[in-house]
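Chain residues, written in single-letter form:
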Amino acid sequence: MGMMEKMDELASSGAREYLTFRLDQEEYGIDILKVQEIRGYERPTRVANAPNFIKGVVNLRGTIVPIVDMRLKFNCSKADYNSFTVVIILNLRNRIVGIVVDSVSDVMELPPESLKAAPEIDSVIDSGAVMGLGSLGDRMLILLDIERLMDGQEMGLVSGLD
Amino acid sequence: MAETHQDSSGSGGDFDLSQFYQIFFEEAGENLDQMEQMLLNLNLETADDEELNGIFRCAHSVKGGAATFGFTDVAELTHQMESLLDRLRRHELQPNAAMVDVLLESADASRSLLARHQSGEGGDAPPTGDLVRRISDLAAGNASPPPATVAVAAPPVVVPKPAPPKVAGVRSLQIEIGPLDRPDQADAIQELFRDIPGLGEIKALASERANMRVFAVGTSSSDEDLLDLFAFHVSREHIVIKENDAASADAPSDTSVHVASSYADDPPPGAPLAPLPGFGFFDGSPGAPAVVGGGASPVAGQSVAKVPAKTAAAGPAAQPEAATIRVAISKVDQLINLVGELVITQAMLAQNSRALDPAVYQQLLTGLADLDRNTRDLQESVMSIRMIPMSIVFSRFPRMLRDLATKLGKKVDFVTQGEATELDKGLVEKITDPLTHLVRNSCDHGVEMPADRIAAGKSETGTITLSASHQGGSIVIEVRDDGRGLSREKILSKARERGLDVSDQMSDADVWQLIFAPGFSTAAVVTDVSGRGVGMDVVKKNIAALNGTVEIDSSEGYGMKVSVRLPLTLAIMDGMSVGVGEEVYILPLSSVVESFQVKADAVSTVGQGAQLVKVREEYMPVIELEKVFQIPRFGQEKSCDIMVVVEADGSRVALLVDELLGQQQVVVKNLESNYRKVPNVSGATILGDGKVALILDTGALVRRSRH
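First to last, the protein sequences are chains X and G.
With the UniProt record's numbering, letter number 75 in the first sequence gets 75, and the count goes up by one each step, no holes.
With the UniProt record's numbering, letter number 609 in the second sequence gets 609, and the count goes up by one each step, no holes.
Please note: incorrect hints may appear among the correct ones.
No more than 25 Å apart at the CA atoms, straight line, and that leaves these computed lysine to any residue pairs for SDA-like [stated by the list, open to error]: (1) G/K677 with X/D31; (2) G/K677 with X/A48; (3) G/K691 with X/F84; (4) G/K425 with G/R399; (5) G/K599 with G/G581; (6) G/K677 with X/R95; (7) G/K561 with G/K677; (8) G/K677 with X/R43; (9) G/K331 with G/R376; (10) G/K425 with G/V681; (11) G/K627 with X/A48; (12) X/K78 with X/N52; (13) X/K34 with X/F74; (14) G/K494 with G/K425; (15) G/K691 with X/V35; (16) G/K331 with X/R61; (17) G/K691 with X/Q36; (18) G/K599 with G/L612; (19) G/K677 with X/E42; (20) G/K331 with X/A48; (21) G/K677 with X/A50; (22) X/K34 with G/L338; (23) X/K78 with X/G62; (24) G/K627 with G/G579; (25) G/K677 with X/Q36; (26) G/K331 with G/E27; (27) G/K691 with X/L92.
To list a few chain G residues with every Cβ distance to chain X over 12 Å, as calculated [what the hints assert, rightly or not]: (28) Q22; (29) A98; (30) Q185; (31) A216; (32) A323; (33) D372; (34) E478; (35) G557; (36) Y619; (37) P632.
Treat the hints as calculated values from the structure; they're not laboratory data.
Ideal Cβ placement from N, Cα and C applies to all residues, glycine included.
Required output: the full structure, derived from the provided sequences and hints.
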């Protein structure tokens with residue numbers, strides 16, 4: 001899907017709500033409908049041979065859920081775990097994944113007109129996973145296609161998704 | 001097609017099919033409902049293949065089931081429907097309204113026929129001759145005009161008209177025993193049914209009198225045979241046998257009086273016996289209380305007569321309402337997950353409350369104790385939802401064996417034991433193929449030709465016994481035959497031929513295990529039976545995949561016994577937890593052979609790489625879990641080295657761990673549903689503290705050591 005089409009899709013669907021979170025100095029937003037819950041961080045059980053940003057698996061009320069540290073994934077300068085570290089549990093189609101972020105900031109509604117296409121930039125983020133940029137006054141929000149990001153080959157979470 | 005089904009029901013004559021009736025009635029009902037829906041939605045001009053095939057499949061399923069269970073009238077009618085639908089789906093005919101009408105009517109007729117079979121009622125069957133004729137006319141391509149009475153668009157009202165055709169061979173009886181001084185004598189009769197295969201089903205009913213026992217029995221045996229059997233425990237005059245389905249429309253009031261009067265406290269002696277045809281009464285038996293009770297009012301009689309099936313509460317077939325529900329497996333799994341979680345939470349609470357002062361927190365602790373008990377009960381009930389009886393598996397063998405024995409020219413009796421033993425549904429599906437192979441194997445390689453048997457001083461007919469029983473936390477399924485058994489010499493020489501490492505000093509058990517080696521067959525000639533399908537190595541692998549084990553016991557000339565031991569469910573496993581560094585891993589207990597402490601000098605290396613440890617004259621590869629799983633060491637020193645020997649696929653390896661933490665039952669969770677397959681790991685579980693632990697795949701670890 002090309003960037004323009006993606007923007008069209010966003011625009012045509014009207015305003016959407018995004019959960020925004022902070023990674024280092026950057027602010028990101030993901031579709032609130034993909035968020036199942038927000039939890040504190042508990043130490044996961046390490047899984048051998050996983051990429052470094054996959055911290056392991058935790059028990060979420062009987063379900064085994066992998067935990068991805070977005071700060072490690074996005075090469076943030078520091079990734080501390082303390083009592084304020086937040087895990088966002090995402091429900092992506094048939095898969096449940098937890099992501100670790102520095103903090104959750106807000107839920108905000110973005111009207112289509114405040115969305116801008118992201119310029120082609122060199123970044124650790126697969127450019128296809130950035131849906132666009134949202135501007136909120138002087139703040140810039142990076143809108144992630146979290147489903148695509150989590151399904152990426154290098155995430156090691158892939159097993160037969162289309 | 002219909003003939004084959006017919007045949008199969010005939011061959012399984014000594015096998016009680018009635019236990020599957022309920023499932024069949026439910027499925028047939030669903031199929032008919034579905035067919036009706038599809039017929040009603042069918043667009044005649046633009047009917048596509050998918051729709052027509054769907055309707056055909058429904059009719060086909062009903063027909064197949066009906067034929068299997070001997071409901072010939074239903075099978076005949078649905079067979080006609082199937083023929084018509086077959087031509088439609090092949091586009092040999094164009095669907096028209098008359099066809100839909102006649103199909104809908106036939107579906108209704110099938111329903112009422114089935115309802116009649118299900119309730120076991122008597123009376124005239126709804127005539128289907130006209131329907132059959134109309135369908136075949138349409139199928140032949142004659143445009144017969146729709147009959148005047150086409151009222152089918154309205155939801156069908158099932159009118160179960162009473163009619164007598166009984167299920168061939170199986171009768172539903174009500175047996176009353178008493179009055180007895182010691183009514184528990186009668187309970188022994190229930191054990192008879194349990195012990196004698198093929199006798200049928202028995203169910204105790206509530207008796208209104210303490211010195212009486214009432215049973216509902218489904219059997220194919222004659223009254224005389226039953227009486228002879230029962231005579232071991234109670235005298236004949238205390239037994240009254242009645243046929244449930246004799247509660248026919250012919251003489252409803254009389255019947256009901258009988259049912260009612262048998263419960264009456266003091267039947268007036270000498271009152272006339274009701275001369276009813278079809279009743280299993282024994283005229284002249286002095287103690288028979290089945291006489292017309294003076295107190296049984298006509299009103300009471302009628303009310304009983306209206307619901308004969310319910311009053312008699314016979315086997316499953318006697319309940320017109322569905323006694324079971326069919327639920328998606330995923331919902332049950334969800335329930336099991338939640339209960340598993342509850343158990344963990346409960347364990348955590350119990351652990352945390354242990355330090356509390358019982359005097360101060362008495363109420364809280366009592367509550368927690370209750371919670372403990374209720375949780376366990378709940379877990380047990382939830383797990384039992386998935387359980388189904390082994391008879392589902394066993395029922396496929398009589399026919400198969402009969403065909404096989406005929407083909408091989410052998411004579412074989414097939415005996416099953418413990419059919420009521422329950423097993424997890426998931427396991428049942430997976431165990432069927434290995435069992436089939438074992439049973440075939442017994443018939444093919446075990447049981448000798450009749451002439452050879454006689455020469456060996458045995459009876460001409462061999463016996464193959466299939467039994468299931470609970471032993472502790474597992475279920476043991478045994479396949480036994482009294483055939484020629486295994487020959488130690490032959491196996492050893494064959495093994496040498498194949499270059500396997502064997503010695504004459506090996507124990508019998510070890511020798512028998514050799515036949516699980518890939519490609520190993522004791523048959524001199526590979527027949528089309530033994531040469532086809534899975535070999536014994538595959539049997540063993542499949543059973544090992546279920547965390548089960550296989551053992552063989554044999555004596556040459558006397559037979560062979562293969563015991564398959566399986567966990568009760570796939571969802572729960574006995575595990576041994578081991579600690580490496582700060583991490584905990586679970587080993588399936590079924591693959592753990594032994595564990596021991598090692599000194600560093602006991603381990604030798606080969607080619608600077610692979611490590612071997614000597615365990616009682618045997619060198620086995622060492623796998624350091626620390627390296628396989630890249631377990632970090634946070635500076636702490638190992639207290640000692642412990643090796644756990646695990647066995648899989650017939651090979652053993654020693655796993656090097658830091659400590660043994662203990663044994664426990666673990667609930668097996670899937671790691672792939674949200675993450676992915678992890679090498680050397682078969683799943684995950686949740687420990688008592690809520691943490692996740694990985695379950696090791698011993699098969700993969702053993703395979704890994706081979707490269």
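Hint-by-hint comparison with the structure:
1. For the given pair, G/K677 sits about 28 Å from X/D31 by alpha-carbon distance, which is inconsistent with the 25 Å threshold.
2. With a CA separation close to 11 Å, the supplied pair G/K677 and X/A48 stays within the 25 Å bound.
3. Taking the CA atoms of G/K691 and X/F84, the gap is about 20 Å. The hint holds against a cut of 25 Å.
4. Simply put, G/K425 and G/R399 have alpha-carbon atoms about 22 Å apart, close enough for the 25 Å limit, and the pair holds.
5. Proposed proximity of G/K599 and G/G581 is supported: the alpha carbons are some 18 Å apart, at most 25 Å.
6. With a CA separation close to 14 Å, the supplied pair G/K677 and X/R95 stays within the 25 Å bound.
7. For the hint pairing G/K561 with G/K677, the CA-to-CA distance comes to about 37 Å; that exceeds 25 Å, so the pair is violated.
8. A hinted pair counts as satisfied when its Cα atoms are at most 25 Å apart, and G/K677 with X/R43 qualifies at roughly 21 Å.
9. Proposed proximity of G/K331 and G/R376 is supported: the alpha carbons are some 20 Å apart, at most 25 Å.
10. At most 25 Å may separate the alpha-carbon atoms for a hinted pair to count; G/K425 and G/V681 meet this at roughly 24 Å.
11. For the hint pairing G/K627 with X/A48, the CA-to-CA distance comes to about 10 Å; that is within 25 Å, so the pair holds.
12. At most 25 Å may separate the alpha-carbon atoms for a hinted pair to count; X/K78 and X/N52 meet this at roughly 14 Å.
13. This hinted pair checks out: X/K34 and X/F74 have alpha carbons roughly 20 Å apart, not beyond 25 Å.
14. Between G/K494 and G/K425 the CA atoms are separated by roughly 38 Å; this puts the pair beyond 25 Å, and the hint is violated.
15. The hinted pair formed by G/K691 and X/V35 meets the criterion: a straight-line CA distance of about 23 Å does not exceed 25 Å.
16. Restraint check: the Cα-Cα separation between G/K331 and X/R61 comes to about 16 Å, which is no more than 25 Å; the hinted pair holds.
17. Distance restraint check for G/K691 and X/Q36: the Cα-Cα separation of roughly 21 Å lies within the 25 Å cut-off, and the hinted pair is therefore satisfied.
18. Under the criterion of a C-alpha separation no larger than 25 Å, the hint pairing G/K599 with G/L612 is consistent with the structure, at around 13 Å.
19. Restraint check for G/K677 and X/E42: the C-alpha separation of about 23 Å stays at or below 25 Å, so the hint holds.
20. This hinted pair does not check out: G/K331 and X/A48 have alpha carbons roughly 32 Å apart, beyond 25 Å.
21. Between the alpha carbons of G/K677 and X/A50 the distance comes to roughly 11 Å, so the proposed pair stays at or under 25 Å and holds.
22. Among the hinted pairs, X/K34 with G/L338 is consistent with the structure: their alpha-carbon atoms are about 23 Å apart, no more than 25 Å.
23. For the given pair, X/K78 sits about 31 Å from X/G62 by alpha-carbon distance, which is inconsistent with the 25 Å threshold.
24. A threshold of 25 Å between alpha carbons decides the hint, and for G/K627 with G/G579 the separation of about 14 Å falls inside it, so the pair holds.
25. A C-alpha spacing of about 24 Å is found between G/K677 and X/Q36, which places the hinted pair at or below 25 Å, so the restraint holds.
26. Restraint check for G/K331 and G/E27: satisfied, since their Cα atoms lie roughly 20 Å apart, inside the 25 Å limit.
27. A C-alpha spacing of about 23 Å is found between G/K691 and X/L92, which places the hinted pair at or below 25 Å, so the restraint holds.
28. A cut-off of 12 Å between C-beta atoms confirms that G/Q22 is not in contact with chain X; the least separation is 33 Å.
29. No Cβ of chain X comes within 12 Å of the Cβ of G/A98; the nearest lies about 45 Å off, and the non-interface call holds.
30. Every Cβ of chain X is farther than 12 Å from the Cβ of G/Q185; the closest lies at roughly 50 Å, confirming the non-interface assignment.
31. For G/A216, the shortest C-beta to C-beta distance to chain X comes to about 41 Å, beyond the 12 Å cut-off, and the non-interface label holds.
32. Once the 12 Å rule is applied to beta carbons, G/A323 is consistent with being away from chain X; the minimum gap is 31 Å.
33. In this structure G/D372 is separated from chain X by more than 12 Å, as the shortest Cβ-Cβ distance comes to about 19 Å.
34. Every CB of chain X is more than 12 Å from the CB of G/E478 (nearest about 36 Å), matching its label as outside the interface.
35. Listed as a non-interface residue, G/G557 keeps its Cβ farther than 12 Å from every Cβ of chain X; the least gap is roughly 52 Å.
36. Taking the minimum C-beta to C-beta distance to chain X, about 27 Å, the non-interface status of G/Y619 holds against the 12 Å cut.
37. A beta-carbon of chain X comes within 12 Å of the beta-carbon of G/P632; the shortest separation is about 8 Å.
Hint compliance for this structure: hints 1, 7, 14, 20, 23 and 37 are not met, and every other hint is.
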